[in-house]
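Work out the full structure, taking the sequences as your base and the hints as a guide.
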Amino acid sequence: MQVNARLSEGIVSFVRIVNYLRRKEIEIKSINMRSSDGSIIYINMDFSDVHSAKYIINNISKLKDVEAIEVI
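Note that my numbering has the sequence shown beginning at 1, numbered continuously upward.
There may be inaccurate statements among the hints.
[Claimed, not checked] In silico lysine-lysine, DSSO-like type, Cα no more than 27 Å apart, as pairs:
hint : residue 1 : residue 2
1    : K24       : K64
2    : K24       : K62
3    : K29       : K62
4    : K24       : K54
[Stated by the list, open to error] Label pairs and their calculated CB-CB ranges:
hint : residue 1 : residue 2 : range
5    : D49       : G10       : 23 to 31 Å
6    : R22       : K64       : 23 to 31 Å
7    : D49       : I69       : 14 to 22 Å
It is worth saying that the hints were derived from the structure and are not from the lab. Note that the structure is predicted; figures quoted are calculated from it, not measured. We put the CB at the ideal spot given by N, CA and C, even for glycine.
Next up, the structure:
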């Protein structure tokens with residue numbers, strides 16, 4: 001399963017989301033990042049299928065600087 005999201009606080013947001021998901025024991029297979037406007041980073045995360053999409057989205061959406069979350 002893949003999830004796209006926009007991070008509004010740049011690399012700080014990236015570190016925050018990765019650490020948060022690690023604490024929740026959600027395994028991330030790969031992450032692709034691209035920056036289009038200074039502090040805004042777009043990420044594409046590929047997850048193992050252990051957890052449901054709803055569970056992952058619910059956890060990611062709790063973070064204040066993560067926007068435009070979508071499952072691919």
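Query - Hint numbers contradicted by this structure - result: 6
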